[in-house]
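Student: Please arrange chain B on chain A, whose structure you already have, making use of the hints.
Going down the list, the sequences are from chains A and B.
The first sequence begins at 1 in the working numbering and counts up one residue at a time.
The second sequence begins at 1 in the working numbering and counts up one residue at a time.
One should not assume that every hint holds.
To be verified - EDC-like mimics (lysine to aspartate or glutamate), calculated; alpha carbons at most 16 Å apart, straight line:
# : chain 1 : residue 1 : chain 2 : residue 2
1 : A       : 41        : B       : 41
2 : A       : 41        : B       : 9
3 : B       : 81        : B       : 14
4 : B       : 76        : B       : 56
5 : A       : 14        : A       : 27
6 : A       : 66        : A       : 88
Stated by the list, open to error - Derived coverage of chain B by chain A (criterion: at least 3 residues anywhere in the stretch with Cβ under 8 Å from a Cβ of chain A; other residues may be distant):
# : region
7 : 21-34
8 : 41-52
9 : 98-105
Keep in mind that the hints were calculated from the coordinates and are not lab data.
Keep in mind the model is a prediction, meaning the values are calculated, not measured.
A virtual CB, placed ideally from N, CA and C, is assigned to each residue, including glycine.
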Amino acid sequence: GAVVSQHPSRVICKSGTSVKIECRSLDFQATTMFWYRQFPKQSLMLMATSNEGSKATYEQGVEKDKFLINHASLTLSTLTVTSAHPEDSSFYICSVLGIGNNEQFFGPGTRLTVL
Amino acid sequence: GQNIDQPTEMTATEGAIVQINCTYQTSGFNGLFWYQQHAGEAPTFLSYNVLDGLEEKGRFSSFLSRSKGYSYLLLKELQMKDSASYLCAINNAGNMLTFGGGTRLMVKP
Chain A
1 GAVVSQHPSR
11 VICKSGTSVK
21 IECRSLDFQA
31 TTMFWYRQFP
41 KQSLMLMATS
51 NEGSKATYEQ
61 GVEKDKFLIN
71 HASLTLSTLT
81 VTSAHPEDSS
91 FYICSVLGIG
101 NNEQFFGPGT
111 RLTVL
Chain B
1 GQNIDQPTEM
11 TATEGAIVQI
21 NCTYQTSGFN
31 GLFWYQQHAG
41 EAPTFLSYNV
51 LDGLEEKGRF
61 SSFLSRSKGY
71 SYLLLKELQM
81 KDSASYLCAI
91 NNAGNMLTFG
101 GGTRLMVKP
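Isolated chain A, as found in the complex (with noise of 0.2 Å):
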């Protein structure tokens, strides 16, 4: 399978920043990739799929002013949240679509805690 890498793991910032979190498919070339959100004790929540060289399709109730992705290699994509809140502090993975069986890798994940 796939091997997915984040960065940063973890990230703390204050209210009103923005804060850039990298997904990196190190040995896979990835035509797409998935942004996903997880507050605690919950389950994963689709946030957007990113597709590279075209814009994110973005969920329902997800803003894409506030988080903002781009897919500029087959190996990178980023996700920009923008103007950050408390209430944004959740855990971001991200995956990466394989083929085959249409299964998804996920990358370690990025705890973000916006003070």
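Tutor: Positioned in the frame of chain A, the structure of chain B alone reads:
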């Protein structure tokens, strides 16, 4: 719409067998996944079912009935390290995954 239901929590004893159920109603179906997730970590793949029947992989087995919108994950010879959340996820049209709420399994000695 889509609806995926799993029990919120389960408790079992080390060495025993536990079955985690998942029922679903989705507009599209392209397979069902089970993932294991330890606290603070990303989900790890356990199994994939797209046809009816049982898929066995070591101590873990997964069953699917598409007509009933039902799946279960069976864990045998439970170990303490199996304490985790188990996520049922449907792959619908467009290869997107919709996750159930997850089942937190606690394995006791």
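Student: Next, verify each hint and record whether it holds.
Tutor: Comparing the hints with the structure gives:
no. : hint           : verdict
1   : A:41 with B:41 : 12 Å, holds
2   : A:41 with B:9  : 11 Å, holds
3   : B:81 with B:14 : 10 Å, holds
4   : B:76 with B:56 : 11 Å, holds
5   : A:14 with A:27 : 34 Å, violated
6   : A:66 with A:88 : 10 Å, holds
7   : 21-34          : holds (count 3)
8   : 41-52          : holds (count 7)
9   : 98-105         : holds (count 6)
Checked against the numbered hints above, the structure breaks only hint 5 and satisfies the rest.
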